[in-house]
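Q: Read off the chains here:
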Amino acid sequence: MKQHQLNLITGSRPEVLERVLRVVRHRGFALCQLNMETVPDSSSLRIAVTVESERPIQLLQSQLNKLIDVFHVEALDQSEQSALKISA
Amino acid sequence: MNGAQYLVKALHQQGVTQVFGYPGGAIMPVYDALYDGGIPHLLCRHEQGAAMAAIGYARSTGKVGVCIATSGPGATNLITGLADALLDSVPVVALTGQVASPLIGTDAFQEVDVLGLSLACTKHSFMVQSVDELGQVVADAFRIARSGRPGPVLVDIPKDIQLAKAELDTLIELVAEQYENDEQEAIVAARKLLSEAKKPVLYVGGGVIAADAVAELRDFAAITTMPSVTTLKGIGSLDPNCPQFLGMLGMHGTKAANLVVQEADLLVVAGARFDDRVTGKLAAFAPHAKIIHLDVDAAEIGKLRSAHVALHGDMRSVLPQLAMTLNIASWREHCAAMKNDYPWRYDHPGEPIYAPLLLKQLSDALPENSVVCCDVGQHQMWVAQHMQFNSPRNHISSSGLGTMGFGLPAAVGAKMARPNDEVVLVSGDGSFMMNVQELGTLRRAKLPVKMVLLDNQRLGMVRQWQELFFDARFSETILSDNPDFVRLASAFDIAGETITRKEEVPAAIARMLQSDGAYLLHVSISAEENVWPLVPPGAANQDMMESKP
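As you go down the protein sequences, you meet chains V and U in turn.
For what it's worth, numbering that gives the first Met the number 0 labels the leading residue of the first sequence as 0, then goes sequentially.
For what it's worth, numbering that gives the first Met the number 0 labels the leading residue of the second sequence as 0, then goes sequentially.
Watch out, some of these pointers could steer you wrong.
Here are some chain U residues the structure puts well away from chain V; computed CB gaps all over 10 angstroms [said to hold, decoys possible]:
id, residue
1, Gly61
2, Lys62
3, His287
4, Gly301
5, Gly401
6, Trp464
7, Leu478
Distance ranges between label pairs, derived from CB positions [what the hints assert, rightly or not]:
id, chain 1, residue 1, chain 2, residue 2, range
8, U, Ala221, V, Met35, 51 to 61 angstroms
9, V, Cys31, U, Leu303, 17 to 27 angstroms
10, V, Pro13, U, Asp35, 27 to 37 angstroms
11, U, Glu545, V, Cys31, 47 to 57 angstroms
12, V, Asp76, U, Gln135, 34 to 44 angstroms
13, U, Gln135, V, Glu53, 19 to 29 angstroms
14, V, Pro13, U, Tyr34, 32 to 42 angstroms
15, U, Tyr345, V, Gly10, 55 to 65 angstroms
16, U, Val187, V, Glu51, 32 to 42 angstroms
Hints in this document: simulated from the structure, not taken from any laboratory.
Quick reminder that beta carbons are idealized off the backbone N, C-alpha and C, glycines included.
Based on the sequences and whatever the hints tell you, model everything.
A: As structure tokens, this is what we get:
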């Protein structure tokens with residue numbers, strides 16, 4: 000099954016991670032990896048998730064985009080992810 | 000002024016003129032503020048009733064419906080209503096009391112994690128963290144509820160915040176919603192597909208109502224002369240007398256609507272979402288059609304069926320840009336012949352009342368601009384098939400969630416919103432009992448809602464499926480122990496009568512409509528009557544059943 004990484008910028012209300020994870024699960028994606036950190040000098044969070052599913056990643060991306068507290072969603076496909084790993 | 004009084008001022012500022020709810024411990028400061036706060040409150044007899052009354056109010060007017068409940072069981076009782084509003088994109092704001100902040104997380108009396116519960120059944124939700132943010136949260140809640148694709152928003156307010164000192168000058172200014180229009184290239188591409196199409200069909204859903212684009216839609220339909228179909232929620236959006244209108248499509252749609260869509264080479268999808276009750280077997284739905292998809296919710300575009308052209312701007316500005324004359328005379332004639340060949344039939348043997356005919360007679364007898372609310376099941380499909388609606392705000396049916404018990408409280412909300420229009424409830428004996436306590440709300444507010452109860456002493460739609468798909472094993476669907484409904488209504492001072500024969504119907508409908516107050520017309524119908532046509536589960540829409548095999 001294909002894995003995808005999603006990078007999100009979100010608001011910082013206490014329940015925002017629950018909202019993101021609920022949508023990931025409900026829309027049929029399995030969580031493989033998760034990282035969350037506060038963005039310095041701002042009231043937002045940076046969340047990176049790696050997910051796996053038979054379903055196209057655009058379905059999840061568009062549902063996450065609908066969350067009021069999610070300001071930005073970026074999907075990286077596998078080739079971009081490996082390129083990032085190499086450059087890191 | 001305390002937070003609760005501030006909240007009532009904020010509701011005033013949002014233009015709220017009616018709220019529905021039920022008091023309790025953790026929301027008492029708000030009820031104290033409502034006591035002389037100038038916003039009328041209607042006590043429903045269950046929080047679910049309050050949520051559904053708010054939905055009926057919102058759907059019949061386009062305004063935001065507001066419901067209020069206490070913490071714990073009050074809030075959990077709202078959940079079904081919120082889920083209903085989410086699935087049908089209804090703008091509702093739910094205000095719940097919460098135990099005081101220091102008690103949250105201690106399993107206090109009537110404490111439940113309402114914010115956690117709300118995540119799956121609201122468009123958005125808030126737990127207010129300080130009285131200083133209350134104004135912003137209320138303004139955001141109303142903005143989110145009514146903007147884009149509308150939906151329910153929950154605001155959970157701890158009791159200490161309701162009691163905290165608040166400053167009036169922090170009320171938030173209201174800002175009008177702006178929509179971005181779509182790129183011109185998509186319009187050009189859509190016009191090209193339209194001009195090339197030989198067999199186009201307009202497939203209309205509830206998004207048209209949310210966009211307030213009924214007039215633009217009807218202009219588009221009139222200019223293109225394109226054959227058209229609607230979903231359950233789209234009913235009323237198109238002129239029912241338009242010759243190109245073929246009725247509802249889907250599981251219980253008209254034969255003409257389903258067959259025409261299967262033949263189409265282009266679907267113009269206006270505010271609809273390829274729901275499984277519409278498409279039947281998705282892979283076989285409109286197999287030859289290209290798709291132009293108009294929806295304000297970008298997540299609906301490509302969710303179940305890829306679009307050749309996607310337009311997710313404001314339908315009111317997009318539709319006029321797509322309107323053009325089309326050279327489709329032979330297709331139009333083909334569709335008209337189909338409509339003519341497969342009309343509804345009302346000939347029915349014997350004395351017993353035939354519900355589809357009764358509903359047609361009711362539809363013909365109702366004054367212009369009446370609102371019909373219904374419950375869920377066979378009667379709901381018969382209403383959709385056999386009654387005519389000239390506005391989507393006049394047909395209020397729990398479509399996405401299919402919530403039994405929806406009809407009576409929705410009718411309460413609709414009648415409160417539109418006291419000068421006739422409001423009729425069409426219900427079934429199963430659904431009616433699910434929120435029967437709202438008869439008390441009718442009595443309390445002296446609401447002259449006319450109720451038609453189609454009683455087959457069965458959970459009819461489940462019975463129908465048991466008969467057709469479960470070897471007639473009627474598991475828990477026989478309700479021969481129903482109460483005497485007319486006596487039940489009379490306990491709430493509601494007049495009524497029972498009818499059992501076809502010939503009684505016209506006069507009984509007239510008596511109901513001429514009565515002064517609320518009225519229950521209890522209609523005894525056969526248990527064996529089924530809803531036809533029926534696209535069986537997993538089948539393509541052209542493979543509909545029209546009678547028992």
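Q: Taking the hints in turn, state whether each one holds.
A: So, going through the hints one by one against the coordinates:
At roughly 22 angstroms, the least C-beta separation between Gly61 (chain U) and chain V is larger than 10 angstroms, which holds for a residue marked as non-interface. At the 10 angstroms boundary, the C-beta of Lys62 (chain U) stays outside the reach of chain V, the nearest C-beta of that chain being 21 angstroms off. In this structure His287 (chain U) is separated from chain V by more than 10 angstroms, as the shortest Cβ-Cβ distance comes to about 23 angstroms. A Cβ of chain V approaches the Cβ of Gly301 (chain U) within 10 angstroms, the least distance being about 7 angstroms, so the stated non-interface status is violated.
With a least beta-carbon separation of about 19 angstroms from chain V, Gly401 (chain U) lies farther than 10 angstroms from that chain, consistent with its non-interface assignment. With a closest Cβ-Cβ approach of about 27 angstroms to chain V, Trp464 (chain U) is found to remain outside the 10 angstroms limit, as its non-interface label requires. No beta-carbon of chain V comes within 10 angstroms of the beta-carbon of Leu478 (chain U); the shortest separation is about 34 angstroms. For the pair Ala221 (chain U) and Met35 (chain V), the supplied restraint of 51 to 61 angstroms holds, since their beta-carbon distance comes to about 53 angstroms.
Look at Cys31 (chain V) against Leu303 (chain U): about 26 angstroms separates their beta carbons, and that is inside 17 to 27 angstroms. Checking the proposed 27 to 37 angstroms range against Pro13 (chain V) and Asp35 (chain U) shows it holds: the Cβ atoms sit about 35 angstroms from each other. Between Glu545 (chain U) and Cys31 (chain V), the C-beta spacing of about 49 angstroms keeps the proposed range 47 to 57 angstroms intact. Hint check: Asp76 (chain V) to Gln135 (chain U), Cβ distance near 38 angstroms, so the stated range 34 to 44 angstroms holds.
Between Gln135 (chain U) and Glu53 (chain V) the beta carbon distance is about 41 angstroms. The supplied range of 19 to 29 angstroms is therefore violated. Distance hint check: the CB atoms of Pro13 (chain V) and Tyr34 (chain U) are about 33 angstroms apart, consistent with the given range 32 to 42 angstroms. The beta-carbon spacing between Tyr345 (chain U) and Gly10 (chain V), approximately 57 angstroms, falls within the hinted interval of 55 to 65 angstroms. The given range of 32 to 42 angstroms is respected by Val187 (chain U) and Glu51 (chain V), whose C-beta atoms sit roughly 39 angstroms from each other.
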